[in-house]
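Visitor: Let chain A serve as the given structure and place chains B and C on it in line with the hints.
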Amino acid sequence: MSNKTNSGHFFEDFKVGQSIQHATPRTITEGDVALYIALTGSRYAQFSSQKFAFDVGFEVAPVDSLLLFHIVFGKSVPDISLNAVANLGYAECKFLRTVKAGDTINSQSEIIGVKENSNGKTGVVYVRTRGFNQFGKEVLSYCRWVMVNKRDANHPAPRAELPNLAPFVAPTDLVAPCELKPEAWDCDLSGSKYSYEDYEIGEKIDHKDGMTVEEAEHQIATRLYQNTAKVHFDGFGMKASRFGKRLIYGGVVISTARAIAFNGLENAGQIIAINAGRHVNPLFAGDTIYAWSEVLDKVEIGGGWGALRLRLIATKDLPCDHFPLKTESGDYLPDVLLDLDYWVAIPLRRFMQIGV
Amino acid sequence: MSNKTNSGHFFEDFKVGQSIQHATPRTITEGDVALYIALTGSRYAQFSSQKFAFDVGFEVAPVDSLLLFHIVFGKSVPDISLNAVANLGYAECKFLRTVKAGDTINSQSEIIGVKENSNGKTGVVYVRTRGFNQFGKEVLSYCRWVMVNKRDANHPAPRAELPNLAPFVAPTDLVAPCELKPEAWDCDLSGSKYSYEDYEIGEKIDHKDGMTVEEAEHQIATRLYQNTAKVHFDGFGMKASRFGKRLIYGGVVISTARAIAFNGLENAGQIIAINAGRHVNPLFAGDTIYAWSEVLDKVEIGGGWGALRLRLIATKDLPCDHFPLKTESGDYLPDVLLDLDYWVAIPLRRFMQIGV
Amino acid sequence: MSNKTNSGHFFEDFKVGQSIQHATPRTITEGDVALYIALTGSRYAQFSSQKFAFDVGFEVAPVDSLLLFHIVFGKSVPDISLNAVANLGYAECKFLRTVKAGDTINSQSEIIGVKENSNGKTGVVYVRTRGFNQFGKEVLSYCRWVMVNKRDANHPAPRAELPNLAPFVAPTDLVAPCELKPEAWDCDLSGSKYSYEDYEIGEKIDHKDGMTVEEAEHQIATRLYQNTAKVHFDGFGMKASRFGKRLIYGGVVISTARAIAFNGLENAGQIIAINAGRHVNPLFAGDTIYAWSEVLDKVEIGGGWGALRLRLIATKDLPCDHFPLKTESGDYLPDVLLDLDYWVAIPLRRFMQIGV
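Chains as they are written, first to last, in the numbering used here: chain A, 459 to 814; chain B, 459 to 814; chain C, 459 to 814.
If you are wondering where the hints come from, they were derived from the structure by calculation, not from laboratory data. There are no misleading hints in this set.
Because identical chains share one entry, a pair is satisfied inside a single copy or across any pair of copies.
Taking lysine-lysine pairs in the DSS-like style, the calculated list, with each CA pair at most 27 Å apart, reads: (1) K595 with K639; (2) K651 with K595; (3) K462 with K784; (4) K573 with K688.
Only chain A is shown next, with the shape it has when bound in the complex (with noise of 0.2 Å):
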């Protein structure tokens, strides 16, 4: 018998200030790429193509940001959310450094706070995960809280610390993904002539498409961000679950979503910060997936580049043509899968070529 493996870590092992080098590094390559697009039907121009990345002022094509946040999340899994009962909530995303096909990325967390829940048999962990390339440069950091069990039940309480987290990330927090060229981006080939200056706050959008996710899609798309929970793969185990068969993982939510949101938001591909974000309710195997946005605040952030904050709605088996959230008594749909806030950065008109 052996107990060299890892069980994962249970409420009263997290301790505030700990901190955790994460393992598994990843060389992002274009293999990764061709398959986020294979996997989420991605078409924003910068990252599908490397002479559109160039023309606009990028170095090379950027990775898009979801792929490298699912891949520094990935890596957390096993240290931090491996006996989770739910993962709670995120705040405080920041996509700092662009990263590029050939980075090789680490991932660490911090434990910034911990609180047990009154039932006294799980509490909530709260961490910032960082991601670092190879020369050691962070080019991600986010916080994210997770409902943990514990081990032992009579474990005393550790004393209760919160972290204080910001509701949004400040617009003066938000870097600019490259210096744009003026008048380079061309708006034939992105698919979309919408600017900055095109969008206003209070505006909603019903990005029309559904996508069905098969339980190979999920799963393939896991496996490549390393995620290794075993709600998403043992489908054996989950059996004798609540829910009776595979959960898929949020991330996948958020991918399609924003992969559907490509119609209404063609310029918008780039996150740069995610101020909030829960996953509302559960979405299995053979589910469809539609979206809807809400612009939200805008703000101008330098290199030609505007900020668009954005509410992504994903739902469920729901078209969103009446854009649907809540019930009248103020709780989510039972449809809606995802309620998420974050930053995009757009062009400004004058960096946009507009066609005729």
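Guide: Chains B and C in isolation, oriented as in the chain A frame:
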């Protein structure tokens, strides 16, 4: 509310002479090539091995013509066929330049014909779509015609204009894929000793193998091509269609049948023109594709290559040892999926190295 | 009608001493590596990170031995096992040279034994298959034996010739993957502090995780390896088989079990030899794979590496906390899929950098 989303064009939006630059340029990478092999099972040596390709006379391994075709086609979907009732046919498809991993492709279309149907609700639109590489050089050109809904049945019919399409690509228009080196094409590595000279007009080949297609597979393939037609992805929405489920992109049928056709056409990997093509019946997930071929014509095209004009028939759940095609009354059998007429390049015998 | 298609060889076609160059050379790319991660969930650091690989002493990241094995194996299928009744076993599998993305691999086999079965309808064929890189250097060599149908039951039995196969690869034949740099193997990044010295003969490890395999997943993987065996792909044809459905390629079981085995063998990513292997029961889509390992032997092999001889048992729908294997009467349990005996390289402690 926003009007920024693309709902696609309707029949009355298309004018003869109109030119459209399609969005989402794409750098084809080694990741795409690996995925194409994984999704089709393709085994043609010049696409699989850099060394084989270089040894026979290519600068580097070419990208499979069909992968290029699907990528160019996919870009045209949001502008041309989002509201298509049916993809009626292809003609005059010519592969003009070899494309390799690293090339960036964009796609443009010109409307070359319109004809309203007598029901007043739909019309047929003829387009010529061209693919260009990062140097602006044309790599692919083809015509297709689709039946498209009218937005408003009361809109007056345009003057019918029909393009004059060639029944097949003339041998003089065929472009040899490269200059072959004498006795360099290693038949042990390619998998067959049969050269151009060995195929006879009228010869039929049963390709024997069968390949079942799953929902996840055709969705991953069709997204890889950034083809957004809803019928392939929106399982919830398609429940209300006359099929009751998702339709598989016809390009998946073509690529699967061509991969199966390796067995008997091992040296004929390189499609250089498509004369005509019809998707005779739809394919659904769970169906198994079989295929057979007939040699329609043959001609030498220079550079050490001959060209075979082939008819490729794909069926579903019907092995092809009896070359199934039509009923006695001349209709296609309900099990026939595809009737494709194309030119493929194959080395002349003296450019081959025939093993013991 | 044509006779150009390959219907595979039958028992009477194989002669001892016969040599076969298999078709379809393959350049392994970063696309293949990304797909291998996405299909298996592999997390061993030296395959995942170029930087990790370089830092410990590799020139560049090596390709996972199993990806190489499946590609070399796949090429042999059309010539060796298209008419196989069963893949009976492996022996003397040695990985001789590190293979990296960009290398082009081809595959050759020699017939080293034949023995007709007493029923007169089938026989066992023994082959040694070798993989070579683009410089003609041997990278992999293994023996396997398969039961193959006779074309004609009346064909006289050949003189039985059986190869003399070693029960396991001798430690002196093991090739170290590279020259490790002292204290360079970062255990935080690799995911475990356990070195060669920490594993004991007789130690058993339950790898805990389960992975369900879908039809689309095993088909995509098996096509990636360009393995064409019909039993894996032809769902329509397999309805008439005794299984009533597609069989999953045994290599998918091996690779999935090895990815699961990361949990407890984090530093033992590099398979350097396979001593013996049996696919004890078939795997079908929807089944969930679990795995456990036993340490059979250990030896130092130079370059900073030790080698562990491991037995890997994979099961279906049966977690491995009780190390399931055989019934009291000595037969394999019906839930056991795989019994694999192999050597894996793992760093000695003084070549590791053990974190706090």
